[in-house]
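Colleague: Residue numbers (our numbering), protein chains in the order written: chain A, 17 to 325; chain B, 17 to 325.
Some hints here could point you the wrong way.
Repeated chains share a single entry, so a pair holds when one copy, or any two copies, can fit it.
What the hints assert, rightly or not - DSBU-like, lysine-lysine: derived pairs with alpha carbons at most 35 Å apart: (1) Lys201 to Lys36; (2) Lys123 to Lys218; (3) Lys218 to Lys201; (4) Lys218 to Lys36.
These aren't lab readings, by the way, just hints derived from the structure by calculation.
Protein chains: 2
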Amino acid sequence: MSILCVGSVALDSIETPFGKADRVLGGSAVYFSAAATVFNPVQLVGVVGDDYPIDDLGFLSERGADLSGIEQAAGESFFWAGRYHYDLNTRDTLDTQLGVFADFEPKIPEGFRDARFVFLGNIDPALQHDVLDQVASPEVVACDTMNFWIEGAREPLLELLGRVQILMINDEEVRQLADEPNLLKASRWVQARGPDIVVVKKGEHGAILFADDWIFYVPGYPLEEVFDPTGAGDSFAGGFMGQLARSGEVTPATLRRAMVYGSALGSFACERFSVERLVDLGSRDVAERVEEFRRLTAFETHLTVEQHV
Amino acid sequence: MSILCVGSVALDSIETPFGKADRVLGGSAVYFSAAATVFNPVQLVGVVGDDYPIDDLGFLSERGADLSGIEQAAGESFFWAGRYHYDLNTRDTLDTQLGVFADFEPKIPEGFRDARFVFLGNIDPALQHDVLDQVASPEVVACDTMNFWIEGAREPLLELLGRVQILMINDEEVRQLADEPNLLKASRWVQARGPDIVVVKKGEHGAILFADDWIFYVPGYPLEEVFDPTGAGDSFAGGFMGQLARSGEVTPATLRRAMVYGSALGSFACERFSVERLVDLGSRDVAERVEEFRRLTAFETHLTVEQHV
Chain A
17 MSILCVGSVA LDSIETPFGK ADRVLGGSAV YFSAAATVFN PVQLVGVVGD
67 DYPIDDLGFL SERGADLSGI EQAAGESFFW AGRYHYDLNT RDTLDTQLGV
117 FADFEPKIPE GFRDARFVFL GNIDPALQHD VLDQVASPEV VACDTMNFWI
167 EGAREPLLEL LGRVQILMIN DEEVRQLADE PNLLKASRWV QARGPDIVVV
217 KKGEHGAILF ADDWIFYVPG YPLEEVFDPT GAGDSFAGGF MGQLARSGEV
267 TPATLRRAMV YGSALGSFAC ERFSVERLVD LGSRDVAERV EEFRRLTAFE
317 THLTVEQHV
Chain B
17 MSILCVGSVA LDSIETPFGK ADRVLGGSAV YFSAAATVFN PVQLVGVVGD
67 DYPIDDLGFL SERGADLSGI EQAAGESFFW AGRYHYDLNT RDTLDTQLGV
117 FADFEPKIPE GFRDARFVFL GNIDPALQHD VLDQVASPEV VACDTMNFWI
167 EGAREPLLEL LGRVQILMIN DEEVRQLADE PNLLKASRWV QARGPDIVVV
217 KKGEHGAILF ADDWIFYVPG YPLEEVFDPT GAGDSFAGGF MGQLARSGEV
267 TPATLRRAMV YGSALGSFAC ERFSVERLVD LGSRDVAERV EEFRRLTAFE
317 THLTVEQHV
């Protein structure tokens, strides 16, 4: 079944130590869909201005994305410009123009309202509520957020947690949200407010999933060249939700697998500007990287716990 | 066979958000030995002042450590005082008194000179050279270092790399040493100067081992309470080398296993002040934690790479 994805559809101008890209495809919904559609169809809801190169999203349609929920409004598209520092772990925002995104009111097309899997990209929690109000009976709602909303829209965000099964958030943000430096405790704090699952994204350090009584850790893939980290978190989310929706059920086994596929897709996203690397990614490329993830962490011991009594 | 370990034997005064400890056992050689002797005997070389509570090291002797290489000199022991911040990832050094450690000249006892496994704790690279000059034919030399030596003793440190098989270093330090932000590239830079293996310690984010054509990643154990992170890196090194020496050979399988046992010992070290948690650690405790590490990263996929052709 398709995943309903609501988020930003943007244009990015990016500078890294390796080069520049000007007004290329960006936004949480675009990265998410580019990654998720490797595994599973997506129904995309967002807004763009009349300047948006909508044809460039054609690769998503070819992979089974339904773009009929992208509204084209008079005005300019959401635009973000950023420059990454030498180590690629920090960046400066050079410009943010909300454009038509400032007045975004997600309208979920009739045919999308029976979605079972929903991804709420990082937008105003009030809009994330609006989306859920329009979906009949979602089974797995994952949402992302950021410091801006944690500070400025805390109450609606906390209410949203009660409607969400999976919170995907980065390490600094979950610490800020819970006012607790320990990630395990911060995640327990979140879980007490609703989500069964908290996925903490740690950038180059990987990601960690906290369930009720188990934890799963996936490393960041050790890339020789992190070309452009923009969208890595949304690509992670896309790989994660794409795998989960393809499997059709949420179990410890499918969640673990989703984490690894998420990290794999996040790593591919860093290899080129924008969604370039995701556009022609084949399932064998992904399977090979997943196998590398296995080799990265697999080990054998000589004694079992029982032999140590 | 025993591991020869040369490093600091110190007294630490520590403040964390959870409490204070005054003049407790510390120093790289003490943490290393407390961890390594869970698996394998250690021969310890260091210097203490006449104020050192040497009897408190008795637990090491009971676990097979040979302390006859600890010289007791007139004067004060190496003393370090530090205060950890709220998040336990950063700390302020409040005081450092080198005491008798300032004039430390490692003298390796005759009976220690045939060591096959050697750990050079974080001391002046000139002294690390002195140690190796006294050891007949070491097979596996692992060494640690820090920013102070990278900046102030760069040439002897680079020469030392040519005599070392395993460099254990934290992420900031290897980036500084190689002047390269990418960990994979920084490790390749180190390997070109000697060590076959670079183990990069990333604190709460775990550790990553770079070999010639493979990489292994072990996460940090997600502790609910990081009580005192002092010595976690040296305890990691002790668990790593203790496992490696116990297996008696250096292969991809034994190195992977060593990484996991290292991370397990590092996590135990954080649970109490000083070496308290390591003192009565049983092999079953360790085996259970190692099993938790396996569950933390193990996953199944439905398709093999070949099925994706």
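Colleague: Please sort Lys201 with Lys36 into within, between, both or neither, judging by C-alpha distance up to 35 Å.
Modeller: between (40 Å within a copy, 22 Å between copies)
Colleague: Could you figure out if Lys123 and Lys218 sit no more than 35 Å apart (CA to CA) within one copy, between two copies, both or neither?
Modeller: within (32 Å within a copy, 45 Å between copies)
Colleague: Could you figure out if Lys218 and Lys201 sit no more than 35 Å apart (CA to CA) within one copy, between two copies, both or neither?
Modeller: Both. Shortest intra-copy (16 Å) and inter-copy (20 Å) distances satisfy the 35 Å Cα cut-off.
Colleague: Quick one: Lys218 to Lys36, C-alpha cut-off 35 Å, is that within a copy, between copies, both, or neither?
Modeller: Classified as both; 25 Å inside a copy, 31 Å across copies.
When each numbered hint is compared with the structure, no violation occurs for any of them.
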